[in-house]
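Engineer: Given next are the chains, with one letter for each unit.
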Amino acid sequence: MTGAVNGLLTARDLTKRFGGVVALNALNISVRPGHILGLIGPNGSGKTTFFNVVTGIYPTSGGSVAFAGEDITDFSPQAVYRAGIARTFQRSRLSLSLSVFDNIMVGNHIRLDQGLWFNVMRRRDFKRQFEESFERARELVTVFNPPLAARMFEAVGGFPMIDHRRIEFCRALISGPRLLLLDEPSAGMTHDETTELMDNILEVKERLEDLTIIIIEHEMGVIERITDICVVLNFGQKICEGAYQDVAADKLVQEAYLGIQ
Amino acid sequence: MNRAGAVFASLLPGVGSAVAVTVYVILLLAVESQAAIAALLVAGVIAVLAAARFGGMARIGKSFAERRIAMNLVIVVAALAMIGFFYEDHFVLLLVATVIIYVIACLGLNLQFGYAGTLNFAGAAFFGVGCYTAAVLTKNTAMPDLLILVVGGVMAAVIGSLLILPVLRTRSHYSAVVTIAFALMFKIFLEVNDTLGGPQGLRVDGMNVLGWVFNDNIEIGENFEASFYLNYIVLGLVILALTFIVVRRLERSWVGLNLDAVRLDETAAACFGLNITRWKITAFMLGNFIVGLAGAFYAMMIGFIAPTNFTFSDSLNLIAIILLGGIGNPWGVVVATTVLIIVPEKLQVIEEYRFLLFGALVILILLFRPEGLLPRPLRTYLPGWQPK
Amino acid sequence: MDVGVFGQYVMNGLMLGMMYALVAVGFTLFFGVMDIINFSHGDVVTVGAFTGLATYLGLSRLGITWAPAQVVIVLVVAMLCMAALGALIAKYLVLPLKAAPALNTLLLTLMLGTVLHEAIRLFYSRGANPLRFPSLLPTNAYSFGNFTLRVDIAMVLAAGLVAIVGIHLVINRTKLGLAIRAVAQDEETAKTMGINFTLIVLVTFAISSGLAAFAGILYGLYYSEIDFAMGILLGVIGFSAAIVGGLGNIYGSIIGGFLFAALETVGAVAIPFASAYKDVFAFGVVILIMAWRPTGLIREKISERV
Amino acid sequence: MTAIRFRHVTAFAAALALGLASTAADAKPTIKVGFIGPLTGGTSSNGIGGRNSADLAVRLRNADPKAKYTYKLIVLDDQCKPNIGVQAATKLGANKDVIAAATHYCSAVAISTVDVYHKFGLPIIVWGAVLPDITYGNNYKEVHRVNGTMINQNETAAKFMTGLGYKTWAIIHDTTDCGKGHNKYFTKFLTADGGKIVARFGVTSDQQDFTAELTKIKSLHPDVIYFGGLTPIGVRIRAQMEKLGVKAQFECTSGIVSDAFIEGLGKLAEGTLAFREGAPTEKLPGGKHFLAQYKKQGYSDPPEAYGAFAFTAMNLILDTIEAVGPNRKKVDRALNKITAANPVNSIIGKVAFDDHGQNTIAVITKYVVQDGKWTVWKESDYAKGLRKLKGR
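Chains as they are written, first to last, in numbering that gives the first Met the number 0: chain A, 0 to 260; chain B, 0 to 387; chain C, 0 to 305; chain D, 0 to 391.
Hints listed in this document are in silico derivations from the structure and should not be mistaken for laboratory results. Keep in mind that the hints are not guaranteed to be accurate.
[Unchecked claim] Selected chain C positions facing chain D (in silico; Cβ < 7 angstroms): (1) 101; (2) 127; (3) 128; (4) 140; (5) 142; (6) 145; (7) 149.
Using N, Cα and C, we set each Cβ at its ideal position, and we do this for glycine too.
Just chain A, with the same shape it has in the complex (with noise of 0.2 angstroms):
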């Protein structure tokens, strides 16, 4: 429990329950600032589950979480937003029918003035607010996919999968958070995308050093290649946390993964 106490994120005891189903039991988890932890564990084991609680979309059944020294628990997913996390979701939840800088402008609400005086009388303001957030948006695209930048205002249904996943790492991203959630980025892609997708991610981690960034992944390739530290779930409970190689090795995990008894 050392990285407990100077940890960015420290998840205490944390403990989800759906009536009778645990999803979380007593689950304790800290990230230091500026690694990447990654998540694993079999389906239903809780991953996903997690970032719901700490994203404030499922109320905590026990437990606290605590993000930069300050009590998040049950914070709502807005106040997590504010606090400076931003997350992906598995199933990507963009919206098709919104250009791609509307997509990565959601994530952005943070920087963008939202009183209805604002938006409907000062339109010289907010034409300079605007212009700002384009450069933005587009330097961050960029760094993903340069062709995208030049398409920024078309519908978000007509790209393929791997940038859907690279628009939502954007809008994610833009807000500038410190501590950044991916949900199972490589799910519905091939191998070769999932190593391209990694490249942006070390990428954007080279950019931004002082990121953190938590990761569940299936993908044991990817979870080796990008992750300081692994931390593997089963049944809602921590049974294992290390470096790759150390998890890889241990017995229950083998055991989780493959059922041996």
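Following the hints, put chains B, C and D in place on chain A, whose structure we already have.
Structural biologist: For chains B, C and D alone, kept in the frame of chain A given last:
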């Protein structure tokens, strides 16, 4: 090609189409013989289809986008030409005025349904709130009529706010029943409530702005007399223009984006800090305000209101208009309203069957073209803006 | 108020409640199998009633005047026709929109309702006027003080209750009911269990619409008058009842139906000078309940995958 | 651009067709006159009867070679709903080609449309609505009425019923101005004649279920239930009285004197009382002639109680137009000249408008339903004592 030539080329489709549409509408309104009207309608449909087929629509749209100011002027001129042509024909002008008012109301509902995704089945009821406010205030107070319009809107918003809690707490079907229940409740309430005229309804005095009496024909000299409906049309156009600008700017701003985000995926929106409640309330209140304002104006123009003006099926028709026009597209609202109000009035043959046809029409749209006649285009925050 | 009057009110309340429940059950079945709201249901009630009337007129033409026979035939014909109509609606209007947003189906069925009752208004002879519905049941009455029990009303009431119990048995005791409940529970699993989803949907729509016809004819027998608009309010009240009870829950909708009727009757007794306020009262309560229990009194499970 | 050129072409084509159509008109100039009444809904049988009668007047006129103009009757439906009526009235008023109109059976509608006629200066003659205020509630020169008001019928009703020895009443009236009017006047005269009112209910004009009201009434055991309103509710109340075993005499106003009431109730209609101003059509001076002509035209529906009035109203309009020409102002002035000083003859006898444009009809006819027919009281088995009203 030189500069002027280019300008001309880009203006031509827009102006041309505007002229054509104006002439067409004037003819449609002027013609009496049913055969001629039917012919006109068929011709119109064919023309539009042809235009779409040969990319005419695209060109027209392009020139509207490129030459915004010019085009807005053209539209104003066209409207004036139309009105001028019928300056003394009460009935046609009444039709035009009605269209204007319904467009305003539908713009309000569009804000709720098209952007925030809150389907309001009590549109006619909130329209009615505006009407009754106007009726009561004109009768019992000396409040200036322009202020009454605003108060009508405010009342609609206030009464609407009674529904906010249930509407916010419930999801799709359930929130639908809230507004439906309200729509029915409102009508029945008016019928049984004697102080508001009961089934008999109420008289409403015509407008009077700074001593200018709207219900008197406009007489200039001895031999020129224009229908009093012109007064209402002019004021109506002003209100419409304002509403349209506000709604348009809202859509083309972060607010519009937020509303879309809320409509399309509440959970995701919440995870990026959007305050779902705030935006739903904003849209609901603002929408009802606009609807109520339109109602107050309508009441003062038509001069008499009764509960049967505000039935559930009237609310459905408002929704039909939005759906037909293309959810979320203000221009769609304009087109759909014009079609759904003027065609049955002119083509007496179908007037009796209008509700039946509305219903069938909407069903077909939902089955085969859910995006409506004029699908809503992607958001352009600043028309004509190009990334450097 | 003396016992007789009280009894009379209870009687009126039961009568209404039974009709509402019959309609509400339909709504709840639709929602169960398809997660949709079929708002044309109320107008199917109307069409059913008019079909019944037409059948009656036909029978009189044929010279069949023996009341019991008339009742049975009228009921059977109307119910079969509406069952067919329901299946058609499901096949050609509801199922095609399965993928679309729920509100589209809601709108479509609402408009379908308009089409149905407008069609009656325009194409049924004198359909724009209230039409007299024949009293096919014995009309002799027994009075106890201020309480009058009419045989026909008693029969109507009984019939309604039988129908409700019947549908309940079908859903809970038969193979078909099992299949319907399976689909309601989880479409995918049901399919894997080899249940023909489309068929079940059609059957469910047929059953509900048949019930609607039944309700329509009871309405006619009770008020001895029907008109093209009768289904609108009936439908909305039925829907509200189903919602209040919690969509997708048969008991809920039955309770909801009687609750709604109770509200109206209480409203009528409480404010007799304007008993029409009873509907205002009832709908007001519905809105309040929605605010208090956003998914109905008997909660419907909401699971959202994120 | 193809589209636009195409539109122009069709536009001109349409315009052309139009021109041809108009030149193809016959020698006599065509004049438009209007009719408004309830053509759909519970009171439609009266509306259609009135429509046919007005149409009859126009047909006869067009068949008459001496007529200066050909007349076109614009028929609109007010559904007996005030706002629909106002819309219809606005349509007629706004249409400059319409010179005058015979309008409205339902008082609720008529009272709310008079402003419109005044606003547009369209002269009209009411043919069926009985609320006094339609003529007496304003000073509009455009508004006239050939049939009588509800005052006299309620006076007669009260006197007659108390005369039969009834003591206690329950009043149900619809809450439109029409129902309220009946309530007001009947109460006034009844209390004067010593009758006692034990209960009073205002109901909306499309209420379906009256069990609550009737259950209440039942526990009060009145001798008579007086209903001030129109056919559709009358039918429902009578039917539900039976279901709840309410044993009281059912008494109504002119608003239910229609075949629809009897059709709607069948046997239950038997013994219902109603009062209407004016003699029964066949007893009118020109009644026989009117009914004969009506029959000859082969209309599918009967003229109903107010057909003769509608015919008279339309005839007056046509006469006036023939006399002074197709001009609203002139026609109106001419109509207002028809006073007690110089009355005109019509099938309903002499017509003379007072300074409010109200024609005076003294005689009130008492009706009772006997064997599925509206029978004049004097000639009924009830008067002869062969049959008994409830509680007598």
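Engineer: Does each hint fit the structure? Answer for all of them.
Structural biologist: Taking the hints in turn, this is what the structure says about them:
1. 101: Hint on residue 101/C: violated, closest Cβ of chain D at ~31 angstroms, above 7 angstroms.
2. 127: holds (4 angstroms)
3. 128: holds (5 angstroms)
4. 140: Since the shortest Cβ distance to chain D is 5 angstroms, the answer is holds.
5. 142: holds (6 angstroms)
6. 145: Hint on residue 145/C: holds, closest Cβ of chain D at ~5 angstroms, below 7 angstroms.
7. 149: holds (6 angstroms)
When each numbered hint is compared with the structure, a violation occurs for hint 1 only.
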